[in-house]
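A.B. asks: Here's the letter readout for the chains.
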Amino acid sequence: MKSYLQNVLANAPCDYAEFRYQEFTSTLLVFDGDGLKDVALNSARGGFVRALVNGQFGVASFEDLDRAAEYLEKAVSLAEVKAGSFGGFAPAEVNVDDVEIDVPRPAHRVDLDEKVAVVSKYNDILLGHDRIPSTDTRYRDSYDYRVFINTEGTAVSVKTPRLGLSLRPLASEGGVVQMAVNNYGGIIGFDHVLGREAEVEELAVRAASLLDAEPVIGGTYDVIADPVLTGIFAHEAFGHTAEADDAARDEKLREIMTLGRRFGSEVLSIVDDATYEGHNGYVPYDDEGLRGRKKHLIKEGVLTGLLHDRETATRMAVEPTGNARALDYRHPPLVRMTSTYIEPGDISFDEMVASVPRGIYARRAKGGTGGETFTFTAEDGFLIENGKLTKHLRDLKLQGNLFRTLENIVAVANDFVMPEEGMGGCGKGGQSPLPVSCGGPHMLVKNVQIGGR
Amino acid sequence: MVVEEILERAGRKADKAEVIFSEYETTSVKFKAGELHQAAVIDGRGAGLRAFAGGRVGYASTTDLGDANDLVEGALAAAKFGPKAEYELPDGTAEYGDVKTFDAAAAKISPEAMVALGEQALEMIMSADGRYVVDVEVDRTVGRTRIANTAGLDRSQDRTGYDFAAIVRRTAEDDIFYHYDYDASISRDFDEMAIVRRLLETGKWADDIVDVPTGKMDLIFDPAEVPTLLFPVITCVNGAYVVDDSSALAGRLGEEVADPRFTMIDDATDGFGFMAGSFDGEGTPARRMAVIEKGVLKSYLTDLATAWRLGTASTGHARRALTQPPSPGASNVIVEPGEKTSAQLIADTKKGLLVLHAAGGSMGNVRSGELSAAAAYALKIDNGEIVGRVKDCIFGGNVFEMLGRRLRAISSDTRRSAGRYMAPTVVVADQTITAKG
Numbered sequence: 324m325k326s327y328l329q330n331v332l333a334n335a336p337c338d339y340a341e342f343r344y345q346e347f348t349s350t351l352l353v354f355d356g357d358g359l360k361d362v363a364l365n366s367a368r369g370g371f372v373r374a375l376v377n378g379q380f381g382v383a384s385f386e387d388l389d390r391a392a393e394y395l396e397k398a399v400s401l402a403e404v405k406a407g408s409f410g411g412f413a414p415a416e417v418n419v420d421d422v423e424i425d426v427p428r429p430a431h432r433v434d435l436d437e438k439v440a441v442v443s444k445y446n447d448i449l450l451g452h453d454r455i456p457s458t459d460t461r462y463r464d465s466y467d468y469r470v471f472i473n474t475e476g477t478a479v480s481v482k483t484p485r486l487g488l489s490l491r492p493l494a495s496e497g498g499v500v501q502m503a504v505n506n507y508g509g510i511i512g513f514d515h516v517l518g519r520e521a522e523v524e525e526l527a528v529r530a531a532s533l534l535d536a537e538p539v540i541g542g543t544y545d546v547i548a549d550p551v552l553t554g555i556f557a558h559e560a561f562g563h564t565a566e567a568d569d570a571a572r573d574e575k576l577r578e579i580m581t582l583g584r585r586f587g588s589e590v591l592s593i594v595d596d597a598t599y600e601g602h603n604g605y606v607p608y609d610d611e612g613l614r615g616r617k618k619h620l621i622k623e624g625v626l627t628g629l630l631h632d633r634e635t636a637t638r639m640a641v642e643p644t645g646n647a648r649a650l651d652y653r654h655p656p657l658v659r660m661t662s663t664y665i666e667p668g669d670i671s672f673d674e675m676v677a678s679v680p681r682g683i684y685a686r687r688a689k690g691g692t693g694g695e696t697f698t699f700t701a702e703d704g705f706l707i708e709n710g711k712l713t714k715h716l717r718d719l720k721l722q723g724n725l726f727r728t729l730e731n732i733v734a735v736a737n738d739f740v741m742p743e744e745g746m747g748g749c750g751k752g753g754q755s756p757l758p759v760s761c762g763g764p765h766m767l768v769k770n771v772q773i774g775g776r
Numbered sequence: 202m203v204v205e206e207i208l209e210r211a212g213r214k215a216d217k218a219e220v221i222f223s224e225y226e227t228t229s230v231k232f233k234a235g236e237l238h239q240a241a242v243i244d245g246r247g248a249g250l251r252a253f254a255g256g257r258v259g260y261a262s263t264t265d266l267g268d269a270n271d272l273v274e275g276a277l278a279a280a281k282f283g284p285k286a287e288y289e290l291p292d293g294t295a296e297y298g299d300v301k302t303f304d305a306a307a308a309k310i311s312p313e314a315m316v317a318l319g320e321q322a323l324e325m326i327m328s329a330d331g332r333y334v335v336d337v338e339v340d341r342t343v344g345r346t347r348i349a350n351t352a353g354l355d356r357s358q359d360r361t362g363y364d365f366a367a368i369v370r371r372t373a374e375d376d377i378f379y380h381y382d383y384d385a386s387i388s389r390d391f392d393e394m395a396i397v398r399r400l401l402e403t404g405k406w407a408d409d410i411v412d413v414p415t416g417k418m419d420l421i422f423d424p425a426e427v428p429t430l431l432f433p434v435i436t437c438v439n440g441a442y443v444v445d446d447s448s449a450l451a452g453r454l455g456e457e458v459a460d461p462r463f464t465m466i467d468d469a470t471d472g473f474g475f476m477a478g479s480f481d482g483e484g485t486p487a488r489r490m491a492v493i494e495k496g497v498l499k500s501y502l503t504d505l506a507t508a509w510r511l512g513t514a515s516t517g518h519a520r521r522a523l524t525q526p527p528s529p530g531a532s533n534v535i536v537e538p539g540e541k542t543s544a545q546l547i548a549d550t551k552k553g554l555l556v557l558h559a560a561g562g563s564m565g566n567v568r569s570g571e572l573s574a575a576a577a578y579a580l581k582i583d584n585g586e587i588v589g590r591v592k593d594c595i596f597g598g599n600v601f602e603m604l605g606r607r608l609r610a611i612s613s614d615t616r617r618s619a620g621r622y623m624a625p626t627v628v629v630a631d632q633t634i635t636a637k638g
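Residue numbers (my numbering), protein chains in the order written: chain A, 324 to 776; chain B, 202 to 638.
Please note that a few of the clues may not be correct.
To be verified - In silico lysine-lysine, BS3-like type, Cα no more than 25 Å apart, as pairs:
(1) B:LYS233 x A:LYS751
(2) A:LYS397 x B:LYS309
(3) B:LYS592 x A:LYS769
(4) B:LYS552 x B:LYS541
(5) A:LYS689 x B:LYS552
(6) B:LYS233 x A:LYS575
(7) B:LYS592 x A:LYS751
(8) B:LYS417 x B:LYS552
(9) B:LYS405 x B:LYS551
(10) B:LYS309 x A:LYS405
(11) A:LYS405 x B:LYS233
(12) B:LYS285 x A:LYS444
(13) B:LYS405 x A:LYS575
(14) A:LYS575 x B:LYS592
(15) A:LYS397 x B:LYS233
(16) B:LYS417 x B:LYS541
(17) A:LYS689 x A:LYS769
(18) A:LYS444 x B:LYS551
No wet-lab data here; the hints were simulated from the structure.
Work out the full structure: start from the sequences and follow the hints.
C.D. replies: Shown next, in the form of structure tokens:
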């Protein structure tokens with residue numbers, strides 16, 4: 324495939340061009356309260372070409388690989404619709420490599436009957452609980468083969484086996500429905516999901532216990548976020564703001580996101596790390612053929628970097644960071660995160676709880692949206708009174724302003740966790756779910772708004 | 202050609218089979234920060250096969266059209282472990298209405314014309330307020346879907362889609378104001394510059410940031426945000442969640458679930474929305490159907506599998522994505538209007554919040570009807586007057602309560618949003634707002 328596409332590119336009538344080729348296969352299992360609902364086996368393959376002509380990008384996505392040359396012409400003619408102002412990428416590394424990410428017993432090689440048996444057993448354990456009439460259990464494994472070549476000589480390929488399992492029991496009583504979630508998976512072998520019976524039992528009990536928890540009373544609280552919520556904050560609230568595609572073209576935003584500016588206290592360091600193995604954010608080469616790497620976005624409270632693709636790096640005259648990612652061959656690359664996390668601190672979780680006179684300990688996440696004003700839904704929480712966890716709480720919606728919240732992170736614990744990803748992913752520009760990871764330690768944030776009834 | 206081959210091969214090995222084939226071409230132009238950034242074309246196609254064997258069903262899909270054998274073997278392998286499925290597929294003899302899904306003019310809009318439209322929008326926004334950083338996106342899609350099965354059904358539908366979005370951002374120290382407006386349709390039946398004018402009009406309050414206290418007030422949903430309020434309702438009437446009893450509306454047909462002034466209709470036969478079509482994703486004829494009529498729950502949304510599990514007939518609400526088997530979903534959704542205009546309803550509001558954009562509304566316990574969202578762009582109303590923009594506040598509650606005993610009013614004027622909703626302004630009384638401080 325590399326040499327075929329290289330031949331097509333050889334006489335490309337443009338200033339720069341690149342091809343991506345992708346083959347993708349996946350197995351999807353969906354269960355509900357009556358058992359297995361869907362079994363789907365999918366395969367897709369196709370190509371994507373991007374051409375730069377007179378400062379303008381034209382792109383084309385296609386499935387008929389024999390017509391790659393025709394689509395290159397199409398991309399060129401789209402770029403020629405109007406001249407643009409982009410002067411071309413700054414020179415970057417040229418990579419020639421083939422990476423096959425190796426995991427023991429990859430899920431795409433496991434028989435379908437074994438997958439169905441394992442996930443069915445977990446779904447049955449959940450439904451065995453008398454307060455759990457229904458579930459929303461989803462399993463997907465995939466094998467993703469990507470090739471990238473460009474007119475600068477880069478030619479890389481990456482093969483990635485992924486696995487995701489989300490177990491969601493829906494506990495219900497008297498018109499109240501509550502959901503708990505256990506996620507498993509990442510870039511990891513199938514055996515990773517075996518032997519989880521005890522955890523699934525515990526998950527069922529946890530979901531049912533939410534029915535007995537008290538709805539939280541809305542207001543402003545000091546909040547201890549668990550590693551899942553810390554990760555969601557790092558990703559949704561800060562991470563998206565650190566993606567340079569807006570800042571590169573917006574002077575005012577660039578003023579706010581000026582390197583060297585203090586955003587938080589010295590306890591706060593945020594990293595995006597494409598080299599973090601085993602999780603979905605592991606990206607050996609991005610979709611512009613650049614090496615994935617680890618970079619600090621905030622170090623000890625000070626902004627030290629943004630996330631770039633080659634275009635934003637060129638516009639801002641900095642080194643690219645290898646963060647150009649495309650959902651699949653139907654989409655152009657955008658500036659995206661990989662594994663984003665807050666680095667651990669010194670104090671223990673117990674010391675952190677003991678330091679809070681009145682607050683809330685919020686656990687796990689059901690979802691989140693980012694930006695300057697962010698909103699996350701936690702699975703549950705506990706009231707903290709005089710340094711002790713007391714009442715079990717539910718229906719926690721956390722909201723805050725990014726900049727004030729960064730300033731209000733006052734302590735970070737020493738218990739770093741990179742949670743497993745399950746079936747989720749990140750959405751941006753119509754491309755969702757992109758495999759990413761996010762995590763961190765417990766952290767204490769002052770003055771968080773919590774919505775209630 | 203490919204459809205016949207897949208169906209023929211599958212029919213030999215399976216008890217029955219259904220093939221969906223779709224192909225489309227999308228052309229889009231994107232402007233970023235006031236400049237054309239990219240013009241794109243996406244040529245997509247693919248086939249999906251449901252194979253029924255031994256009373257069970259399996260699904261497989263592919264984009265590789267040389268691959269009929271793998272597709273058939275995949276669907277049969279999936280059927281070995283798949284769910285029970287003892288329902289009949291439509292034989293195509295039902296009556297199908299004539300629903301407009303294709304517009305020849307929309308199919309011909311050129312990239313050059315789309316670029317010119319984008320430039321016109323940029324010019325208009327920049328000259329109105331030079332502080333805005335502006336993105337514009339214009340897309341058009343031409344496609345065709347064909348569904349055929351071993352019971353005799355074979356139907357095709359040509360389709361066009363056109364959409365226009367304008368997004369603005371204005372950054373000041375410690376405040377990033379983000380605002381957008383858009384529309385989508387089967388044809389170019391809207392005025393792009395009217396969208397831009399509305400964006401500028403609704404954006405003009407953004408400079409005056411005001412506080413609201415935590416507490417109760419009226420919540421006014423702009424028509425474009427009524428879908429946020431409807432999301433838990435549409436989820437709860439989804440047959441897939443009724444059948445396993447996880448919906449708050451399971452077992453409640455014929456009961457009053459909302460105020461008698463509230464009527465919600467699902468209508469794939471109405472060409473106002475891009476979900477229009479004469480048949481659904483399984484070939485069942487589309488219809489106009491009251492879901493909630495004068496507050497009373499009239500019908501769930503079902504496809505063949507959920508209807509079979511519920512012991513009813515499909516309502517024609519099978520939705521398809523190529524990588525999954527069909528599942529029930531809404532088509533074009535209409536909320537019937539009320540008596541007073543939106544302007545009168547705002548003027549009648551003593552203390553309220555007009556929600557222009559909400560975020561995160563789908564994250565709560567949706568199947569119990571819970572809505573919990575952040576007011577991403579909301580305006581404070583004092584004694585009938587808009588006084589300014591409110592930042593950082595959350596609202597939430599149960600939508601059946603909000604559309605039930607706390608429904609204050611529904612406006613007489615309606616507007617299309619997201620290309621598939623036709624909704625009035627909806628006012629909910631005594632809503633708890635959690636604000637900063």
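A.B. asks: Give a verdict on every hint.
C.D. replies: Hint-by-hint comparison with the structure:
| no. | hint | verdict |
| --- | --- | --- |
| 1 | B:LYS233 x A:LYS751 | holds, 15 Å |
| 2 | A:LYS397 x B:LYS309 | holds, 17 Å |
| 3 | B:LYS592 x A:LYS769 | holds, 19 Å |
| 4 | B:LYS552 x B:LYS541 | holds, 18 Å |
| 5 | A:LYS689 x B:LYS552 | violated, 32 Å |
| 6 | B:LYS233 x A:LYS575 | holds, 15 Å |
| 7 | B:LYS592 x A:LYS751 | holds, 23 Å |
| 8 | B:LYS417 x B:LYS552 | holds, 9 Å |
| 9 | B:LYS405 x B:LYS551 | holds, 21 Å |
| 10 | B:LYS309 x A:LYS405 | holds, 19 Å |
| 11 | A:LYS405 x B:LYS233 | holds, 14 Å |
| 12 | B:LYS285 x A:LYS444 | holds, 18 Å |
| 13 | B:LYS405 x A:LYS575 | holds, 19 Å |
| 14 | A:LYS575 x B:LYS592 | holds, 20 Å |
| 15 | A:LYS397 x B:LYS233 | holds, 22 Å |
| 16 | B:LYS417 x B:LYS541 | holds, 23 Å |
| 17 | A:LYS689 x A:LYS769 | holds, 22 Å |
| 18 | A:LYS444 x B:LYS551 | violated, 56 Å |
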